[in-house]
Every structure is written in C-alpha cells, then in structure tokens.
Amino acid sequence: MNEILDKNLNLEIKNKQLFNICLRTKHLKNSSSLETYKSIGGYEQIKKILKNKLDPQQLIDEIKISGLRGRGGAGFPTGIKWSFMPRDYDGIKYIVCNSDEGEPGTFKDRDIICHNPHQLIEGMLIGAYIMNAHVGYNYIHGEIWEEYVSFEKAIEEARKAGLLGKNIFGSGFNFELHAFHGYGAYICGEETALIESIEGKKGQPRYKPPFPATYGIYGKPTNVNNTETYASIPWIIENGGQAFMAHGVKNSGGTKIFSISGHVEKPGNYEIELGMPFEQLLNEAGGVWKGRKLKAVIPGGPSTPLVPADIIRGATLDYDGLAKIGSSVGAGSMIIMDDTTCMVTALKRLSYFFYEESCGQCTPCREGTGWVYRIISRIYQGQATHEDLDLLTDVSKKISGRTICALGDSAATPVLSFIKHFRDEFEVFIKNGKKLVN
Amino acid sequence: MIEKLKKLIDKEVAKYPTDKKQSAVIAALAIMQHHRGWLSQDDISDVAVYLDMPEIAVLEVATFYNMFDLKPVGKYKLSICTNISCMLRDADQIVDHLKKTLKIDFNEISKDGKFCLKESECMGACEGAPLLTVNNQKMYEHLDVKKVDQLLKDLK
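Each protein sequence line maps, in turn, to chains A and B.
Here the first sequence stands for residues 1 to 438, where the numbers follow the numbering used here.
Here the second sequence stands for residues 1001 to 1156, where the numbers follow the numbering used here.
Keep in mind that the hints were calculated from the coordinates and are not lab data.
Be a bit skeptical, because a hint or two may be false.
[What the hints assert, rightly or not] If you only want the chain B side, here are some residues facing chain A, beta carbon under 8 Å, derived: (1) T1018; (2) A1030; (3) S1040; (4) Q1041; (5) S1045; (6) F1064; (7) M1067; (8) K1071; (9) P1072; (10) L1088; (11) G1124; (12) C1126; (13) N1136; (14) Q1150.
[As the list claims (entries may be wrong)] In silico DSBU-like pairs for lysine-lysine, Cα to Cα no more than 35 Å straight-line: (15) B:K1006 x B:K1100; (16) A:K293 x A:K435; (17) A:K398 x B:K1118; (18) B:K1118 x A:K166; (19) A:K220 x B:K1006; (20) A:K420 x B:K1015; (21) B:K1100 x A:K434.
[Stated by the list, open to error] Computed spacing ranges between beta-carbons, pair by pair: (22) A:N52 x B:Q1093: 52 to 60 Å; (23) B:L1008 x A:N30: 26 to 34 Å; (24) B:E1108 x A:L436: 43 to 51 Å; (25) B:R1036 x A:T385: 26 to 34 Å.
Each residue gets a CB set at the ideal place from its N, CA and C atoms; glycine is no exception.
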C-alpha cells in the first residue's frame, strides 16, 4: 500500500482548472439519458470488467492509486473502505449510495442524479462487482422529489437495457438497484442513521464498531459511499488511477465538485481539479455579488470551520490546503458571505438547524444544541451578558466529542469558528443590543 | 386502504427482502400523505396493519421525519427554506411577503383553507436560493416577490 501511495509523491504541479468527470454529461443534450451516457463510452467499463472477469483486488489497487477519498465529507480513502468489505462472506451483502445531502449549502449529488445518473449506476455496478454485492440502494434526499423520480426512470432504463438485473452482459453477475426516498432528516446522511432509515426506523445513528462493513442493513455487510464518490469510479477504471490522481495534488487525487452558494454572482456546481486556488474558483463563480467585498467563507458546509476572507484568499482547495488554514473540504459546500453579513444572525440560523436536526439520542447534543441556540438568540435579542459568550464556547466544547455520531461536533464547529474570528461582532451585539453591520 | 394506494405501496415493498416490509414504511406514509394531504391516525393504523408493524413504530417514523404532517395543511403546503444559503439571498423577505399576503404565520392555514406555510431546513438545492416546495414534490427556485405572487395565482 505504501509503495502504491509513494508513486503519488512526484506529481507534476500544474495550473488547475475546471474539469468535469462526475458532471461530464451535464452540458450535453438529454444529459440524463442512457443514450447520452453511452455516447461518451458509458457502461464500457463494467462491460470490460465483467467480460474479462478482472481481479477485484487489482481494481481496488487502481482506486487506491487514484487517491479518491469519500466525497460526502469524511474524506476517507475509497479503495481502503472497499477493502473492508469481507470477501469470503457468502451471505447477502449490500452497497448503498448516500445521496442524502441536507447540510446547508450542499447540492452536488442532485446535479449528478439529475444529469449523469447512469455514470452513478455504472459506478455502483463496478463497486458491486468488486465487493461482490448483488443488491444496492440509492438513498435520495427527501426534498428533491423530482430528482428521485428521474433516478427511478434511469434505473428502469438501465434494467430494460440489461445493465441491471440478472446475468449482466451474459457474465452470470447479478445486481439489482433501488432508489430510496428520504423524508426530511439531515441526520440520515450519517451512514448508520441512513441504514436505520432503510430498515424503516427513526434515523438514529448506531454505535461504531461494529462498522457497516461487518454489520450494516439487516445486520449484513454493507458499504455506504457518497454519490460523487461512486460517480468518479467509471472514469478512474477507464483512464487509470494515476490519471485521476494527476488532476489533483498530493493526498487529494482527482476532481471534486464545489457547490457555491450565498453571496456570489453565479451560484452553482463547479467541478475543479483539487488544488485550485480559492481565488480562481471565486472568479469562476463570478466573484462576490453586487461588487461587494468578501467577508468570510464556509469552505465545505457548516460542519467545516468558517474562515475569514484574508485567511482563505491564499488557500488552495484540497484536503491539505484547507486543513492548513484550519478548515476542511467537507462536502465541498462553499458558502460565500459578503461584507454586509451579520455573523450573529448567520450563526443563529445555523445553530437552529443543528438543534432542529439533532436526533435526540445523545444528551450532550440533544440538550446542548438547544442551549446553544437559546444563548445565541439571547445575544440576538440584546438580552445577553458577556459571560454568555464564554458559556456559548463552553457548552459547544462539551458537545464536541461526546456523542455517538459527528452531528454534535458539527454543531459545535460553527459556534467555535464564528466566535474565534468574529468575537468583536458578538461583543458589540451584547453591548449595544444591535448588529455591527447592516 | 384503497386499492390504488396498496398498489403503490406494494411497489415499494418489492424493493426489500420479503420479510423486511418495514423498510417501506417511509414510502408508504409518504404515499398516504400525498393522497390525503396529511397523515391521520387512521392512516398510521392502516400502514401499521399493511406492513405488519406495531402502530407505535409507524408513529415514531411519522413524527421523526420532518416532511410528514400529522395535522391538516390546507390544499397547498408551501415549505420555504430559511437556512443559511437561502437566508443570504434574502429568503426572509420572501417569508415576510408570504405571511403578509396570506395573512398567516408559520404552521397556520389561510382562511380560505388553501395555503399553509412551513419553515423548512436545507433542501439541498441552494443553487436556486431562495426556494420553496409545494406539497413536498414541486420545487420553485430563484424566488422573488413577483414570482411568489405569480405562484400563488397559479395554485388554484
């Protein structure tokens, strides 16, 4: 494994640009159709794999070389995750695609489902072959009903063409895929909550271990990966792990979709070569709207720390680049804030989100998120004291690391990073009972 | 439970192993809710019987997931996102306009029984902020006051 990764150390540094892998059909006519996907070589990779019965271990090695990391936010190396699935287990195994994006600012999986569903299906087919699973589910966020319906259509199209079901390409390999429609619970994006939800229960995360690879849906070995992760796979198999890696930088192979929202001229999805400077991406998105100045950025969704303008300006967008400035890639859900943004108002809304979405299972999160929201509301209403600011930090720190899943940490992250960088704004609000900015 | 709904639910049940009908409970409740507009106690009981589940387990699911409504919501439920990306693009102005026009607050139904306004969390479509959904299914994006007025007119 180390020898494989060592190959990646001598990557040529080149200028980074927009490059579509997951969104490569988006600008084509009838982007979501099977015909369109086939026109760019779609389903040729799974065909090649099945016809030649390629060695799953070799395919996993190729994915390891690619440097692909889980695109849902955790950034765990995909090749390694896939190798956790027990090979010799002869019972039923499941693979699940996690399209339950509900973290504020996240909307990339929607574009993949909408414009390139067949690449996702092929990615899942390849995953199913490698992990020897014969049933898969795609868990789709509740609020995007129309995309769910269109994904169901894509499944049906693939099934009719013999690409899903029994004896695919006459190889004897079977794989059935179903779409699951969520119904409004952010927590179900957490993989064990998602599994509970597929079992028809409240989406409350499970203790880990056991991990889903040993105890997943109905207690069977289960792999859960993000939509963008699965959708990257066919390109990697086609062009090789090294080629994918070369689009990124060390430790951050390939391309990644950044979903840009908030105060920009052109909000939307931008698939970039990892390592692109932040300023370049901001330019691609038309810059800060209305000719205003940049105040702060949440680089990867509210579970990643907020960064003020002067710090993010010099940063590159990759796992190490964002770690260096104290934040992270997350799901690439970049929220841009201009200089009219009131940080107290913004944090109040985010805190409400985590309070509302806490599943209620762990006391620190269930009670803590409500407490945090009430303190910030007090500040907002001009009824807080200076001690409240320290209390806010204290409560947040005591949620973090004391819960079953990462929602507790995510809830603490915006509080701590907003206060760290914009403490003066909170203090003025407490002192004068009104906003510093208007 | 009427036949048409049973057929829709059967299609969902077929996605799971034969002894795991419970996996279809969210879908079944969504189908029931789409039919009536909201979930009554009878709907919960019917789903429980149909999927061989304890009624309390069905109720747990119905109360856990935000898009279920256990009270009537009028003919059109407007769920508007007020989370950060929508907020930054002035969703609050849209909310104020809707409240004023419909003369209701969040979770209330307009006098004519047509509209209910719900505050929603992120819908995963922030590119189109500000946005709202009608009856959990149809999304309207890039909203401004003019577009909202037109939408209210179009929803007959």
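Comparing the hints with the structure gives:
1. T1018: violated (12 Å)
2. A1030: holds (6 Å)
3. S1040: violated (17 Å)
4. Q1041: Hint violated; Q1041 (chain B) Cβ to chain A Cβ min 19 Å, cut 8 Å.
5. S1045: Nearest chain A Cβ about 16 Å off; hint violated.
6. F1064: Given a least distance of 4 Å, the restraint on F1064 (chain B) holds.
7. M1067: Since chain A brings a Cβ to about 4 Å from M1067 (chain B), closer than 8 Å, the hint holds.
8. K1071: violated (16 Å)
9. P1072: violated (18 Å)
10. L1088: Where the cut-off is 8 Å and the nearest Cβ of chain A is about 4 Å from L1088 (chain B), the hint holds.
11. G1124: holds (5 Å)
12. C1126: This hint holds: C1126 (chain B) lies near chain A, its Cβ roughly 4 Å from the closest one there, short of 8 Å.
13. N1136: holds (6 Å)
14. Q1150: violated (20 Å)
15. B:K1006 x B:K1100: Status violated; Cα separation ~41 Å.
16. A:K293 x A:K435: At roughly 18 Å apart (the allowed maximum being 35 Å), K435 (chain A) and K293 (chain A) satisfy the hint.
17. A:K398 x B:K1118: holds (32 Å)
18. B:K1118 x A:K166: violated (44 Å)
19. A:K220 x B:K1006: OK: K220 (chain A) and K1006 (chain B) at ~29 Å, within 35 Å.
20. A:K420 x B:K1015: Roughly 48 Å separates the two Cα atoms, so the pair is violated.
21. B:K1100 x A:K434: holds (25 Å)
22. A:N52 x B:Q1093: 52 to 60 Å: Check passed, 59 Å falls within 52 to 60 Å.
23. B:L1008 x A:N30: 26 to 34 Å: holds (28 Å)
24. B:E1108 x A:L436: 43 to 51 Å: violated (34 Å)
25. B:R1036 x A:T385: 26 to 34 Å: Violated - the Cβ-Cβ distance for R1036 (chain B) and T385 (chain A), about 49 Å, lies outside 26 to 34 Å.
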